[in-house]
Amino acid sequence: MAILIIAEHDNAVLKAATLNTITAASQMGDECHLLVAGSSCSAVAEQGSKVAGVTKVLLADNTVYEYQLAENISKLVTELAPNYTHIVSAATTTGKNFMPRVAALLDVAQISDIIKVESENKFKRPIYAGNAIATVESLDNIKVITVRGTAFSAATTLDSNASIENLNIVHDAQMSQFISEEVAVSERPELTAAKVIISGGRGMGNGENFALLENVADKLGAAVGASRAAVDAGFVPNDMQVGQTGKIVAPDLYIAVGISGAIQHLAGMKDSKIIVAINKDEDAPIFQVADYGLVADLFEVLPELTDKL
Amino acid sequence: MKILVTVKRVIDYNVKARVKADNSDVDLANTKMALNPFCEIAVEEAIRLKESGAATEVVVVSIGPKACQEQIRTSLALGADRGIQIETDTMPESLNAAKLLAKVVEAEQPGLIIMGKQAIDSDNNQTGQMLAALLDMPQGTFASKVELIGEKVHVTREVDGGLQTIALNMPAIVTTDLRLNEPRYASLPNIMKAKRKPLVVQTPVDLGVEMKTHTQLVKVEAPTERQAGIKVNSIEELIEKLQNEAKVI
Amino acid sequence: MRESMEFDVVIVGAGPSGLAAACKLMQQANEAQRALTVCIVEKGSEVGAHILSGAIIEPKAINELFPNWQEMGAPLNTPVTEDQLFMFLNEQKSIQFPNLCVPKTMHNQGNYIASLGNVCRWLAEQAEQLGVEIFPGFAASEILYHEDGSVKGIATGDMGISEYGQQKDSYMQGMELHAKYTLFAEGCRGHLGKSLYKQFDLDAKSDEQHYGLGIKELWDIPADKHQPGLVIHGSGWPLGKGTSGGFFLYHTENNQVVAGLIVDLSYQNPYLSPFDEFQRLKHHPVLKQYLEGGRRISYGARAITKGGFNALPKMTFPGGLLIGCNSGTLNFAKIKGTHTAMKSGMLAAEAVFEAINNGCEGRKELMDFDNRFKSSWLYEELKQSRNFGPAMHKFGTMLGGTFNFIDQNIFGGKLPFTLHDNKPDYAQLKSIHDYDTIEYPKPDGKLSFDKLSSVFLSNTNHEENQPCHLKLTDLQIPISYNFPAFLEPAQRYCPAGVYEVIEEETGPKFQINSQNCLHCKTCDIKDPSQNITWITPEGGGGPNYPNM
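Chains as they are written, first to last, in this note's numbering: chain X, 1 to 309; chain V, 1001 to 1249; chain S, 2001 to 2548.
Worth flagging that the hints you see were computed from the coordinates, not collected in a lab.
Where a beta carbon is used, it is the ideal one built from N, C-alpha and C, also for glycine.
Hints should not be assumed to be uniformly reliable.
[To be verified] Label-pair ranges, simulated between beta-carbon atoms:
#  : chain 1 : residue 1 : chain 2 : residue 2 : range
1  : X       : 118       : V       : 1230      : 27 to 35 Å
2  : V       : 1029      : S       : 2225      : 20 to 28 Å
3  : V       : 1217      : X       : 214       : 44 to 52 Å
4  : S       : 2222      : V       : 1236      : 43 to 51 Å
5  : S       : 2222      : X       : 118       : 22 to 30 Å
6  : V       : 1230      : X       : 29        : 32 to 40 Å
7  : X       : 237       : S       : 2481      : 26 to 34 Å
8  : S       : 2288      : V       : 1228      : 22 to 30 Å
9  : V       : 1051      : S       : 2225      : 53 to 61 Å
10 : V       : 1217      : S       : 2125      : 26 to 34 Å
Full structure from sequences and hints, please.
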């Protein structure tokens, strides 16, 4: 029996989240099949066939799957499911959308947003907004699982190719239709979606000095955030606030500049993969959670950082 | 048109969950409980549709021990018309919740079902989608805008990287995201009136649903605390570490 | 025009006095088979959310209100089994007093260790069953008066107002709640109570009121260190000369202990930080032996009205009464205020019910209350303890303690003279030039913690976009006067880190982080310039204490 992974893509490119999902799936069993369901998406299947851990690619290429409508995709996956022990997808808005439908149609539970594979039927997942980690055991024959990408490394790409099998299964529920989409275009990514965030605290001194952070952000394609102290001091607007009462973020890289690291702030960013702290106070609590700390005057080092990136 | 809204009683979002000393679960004794924020948005959306004339009745359903009647009453105080409590000893798994709700939908025949996208306790984000599958209905998850246009409901969804708008045949299921609306406060007279609005209690047996066990909670732990890393001495060193060691830039 | 609702009785605050009053009112009404409408407004998000107390509860009042409270499941689960009293000499050494030398009022046989928040949750259930309407999440922000000057009721605050005063999407106008009688049960230093004192000159004949700041933590401790029912009290270190106060550590149920420090707000040293005093106190071997290896799970703080008998104001005025700690019924000799607060509420309920039952439509002053009060055990008890607080203030902890031993144990509080203490707490603070700075040790993260991570455990929150609820009468005073004279003591007396002075290029700036506020009211009490006024924020804001 094998594991079925549902690829996330835009009909042209395999999304990075799928690579992390494949890593997680590989820890559940050896044989991993990647389902690429879309429209004119053979390029995605090609890309998927080169990912380490993928033993076979299933390609369901039909206009009914073009927009990943949950009603259609879930029926396709459910039809394939009896041949698999695990059905796995990324816990992205796409995966979260159709996977519970698959579970319900199979009359099994879904285990959402796993961050660790303990065994083939035991998984860890965050609950209560990450304030607790639950270990959950599945009692179902088919396990439907979504994976939190940031908790697993990305599978690598190989030179060799897995075989690609074309499926001729068409499900058109005809209940929903795509109308339009609007891709967020902003100079900088949104805080909650950014891979890199640079945040300033009260140490920034005033709102104008946030320009120093923006310069770094431009180089890194980062979003700019702030601590509550900086917001309360009136440096920047409320919607930039990261923390318990602001936005909860978990980017790959979080750079905290002039932020002391009050627990309320830490609660909003502690799940970041790498935390960098720049602060002139070497006793600032932020250093207790930072992977890399630099004790320095931010007004000296920020321009230097901008130049050297 | 009738709108069915589901609501869940959860720990108040201002209160930090704390793991029990024996790691069996989270300690909720005497903890402030509240209406799940996403469910509150669902109630608000339904009431706005009723106020706009698009809906005629708003029915709220909650599943859980008797205490969840408090959240039904809150929803009634916000403007819902009547409540249904499905009484269970513990919080059922999502699939069982969906099965119970499916029976309520079959009996009530709403034109639209609005639910929170997830509860802030279990963070599953499943029940709405599962209910849609069980009823073979279309779904619009993570909604930031809901419009009734002709015979269809148009849902603008918050998806990774932007917004997607889809049209759904009715009856349909919509799950709410944070930006859909800003819920109102319940007024004192409405809180008092809510105490007299109808609320019926049903059981899984009444609904003919067999509650199967699909998962087992093995243990609950506090998240591991981050450890302090290293101090670097210069910007060069920092950039070097980020590029070669952490590989994040 | 605001909407209004009519009740027979409106009660402000769902604490022990307000809830006991509500229960007593309905009991009488039900017995007389008379319809009575009673409502309680409570600013906390739920009953108990803002309640913080030790607490050792003497069951005298609850015995009277619900004689079968045990069968009814009142959460008084841990009887006191042992009393220990200490004097800390320094950070290591202490003297334990033999039981015989302890003032009688400090003996706790027959009392219970409990969470007052949970007791209030239970009382609220009883009240609701008796027919009381309880509205948590609604702050009484304003007193309404009739044309004749009598109290007409209260108004709840507007909700959904932005920081700059505009109406937000969620705007909801406040409501007027009219009543024949309004009972103010806001607890220590209630902000409506404060204006009633002025309006009706309630404290014309009483001594200056005195206050303490109580800081409390709840801990899970290892099972082998837990001795349910053990009660520890003490004073001395770390509080220095000129600062009175005392600490407590109670072993409650479920392998939990509560630890706390009460610092009298009559302290003079402007460098004193009650929060940091408490943090270092926990390192003393007597406390550390229990806390070590444990985990802190909650934190909170609340001011205490402790002036006692001599400072009791007139509790009645036309159209209403002041009850519980809002008037100052706490018995400081016992460090207990629950039974006295409840009793004051019950006495008020008797007077109010009798008046309404006799057809009174309100507006009158219930002179009959005074007779009931004076013939009650409450009056007797408070009178006996009248010298306790002033003795401590006058003679210090050691000598004052000795006086209290003689007064309470030998003369039973009946010494034929009364000590007075008429200097208000805010006027006690001396200049920074009279003292050296206090170097508090850094928190170790195991027994002691920093302020913000403590506040985090109180689950406090206020909707961000609303007007600041801490009003400065004069915006300049914190920097122009308080800072040079006292290094702005708000930075240190506030146990929630609400106040900060930030050094900016242009000079020091006073910053108010009102979101952190624990509603303890210390700033309103201790600001040497009396320049800070605490008003109610949007209902539902503030701490969310579980089991405190």
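Hints, verified against the model:
1. Taking 27 to 35 Å as the suggested C-beta distance range, the pair residue 118(X) and residue 1230(V) conforms, at roughly 30 Å.
2. Residue 1029(V) and residue 2225(S) have their C-beta atoms about 21 Å apart, which keeps the hinted 20 to 28 Å range intact.
3. Between residue 1217(V) and residue 214(X) the Cβ separation comes to about 45 Å, which falls inside the hinted range of 44 to 52 Å.
4. Checked against the given bound of 43 to 51 Å, the beta carbons of residue 2222(S) and residue 1236(V), roughly 48 Å apart, stay inside it.
5. At roughly 28 Å, the beta-carbon separation of residue 2222(S) and residue 118(X) lies within the given 22 to 30 Å, and the hint holds.
6. Checked against the hint of 32 to 40 Å, the pair residue 1230(V) and residue 29(X) passes, with Cβ atoms roughly 38 Å apart.
7. Separation of residue 237(X) from residue 2481(S) is about 33 Å and conforms to the stated range, judged on CB atoms against 26 to 34 Å.
8. Between residue 2288(S) and residue 1228(V), the C-beta spacing of about 25 Å keeps the proposed range 22 to 30 Å intact.
9. At about 58 Å, the CB distance of residue 1051(V) to residue 2225(S) agrees with the hint of 53 to 61 Å.
10. For residue 1217(V) and residue 2125(S), the hinted distance range of 26 to 34 Å is satisfied, since their beta carbons lie about 30 Å from each other.
Every hint from the earlier list agrees with this structure, and none is contradicted.
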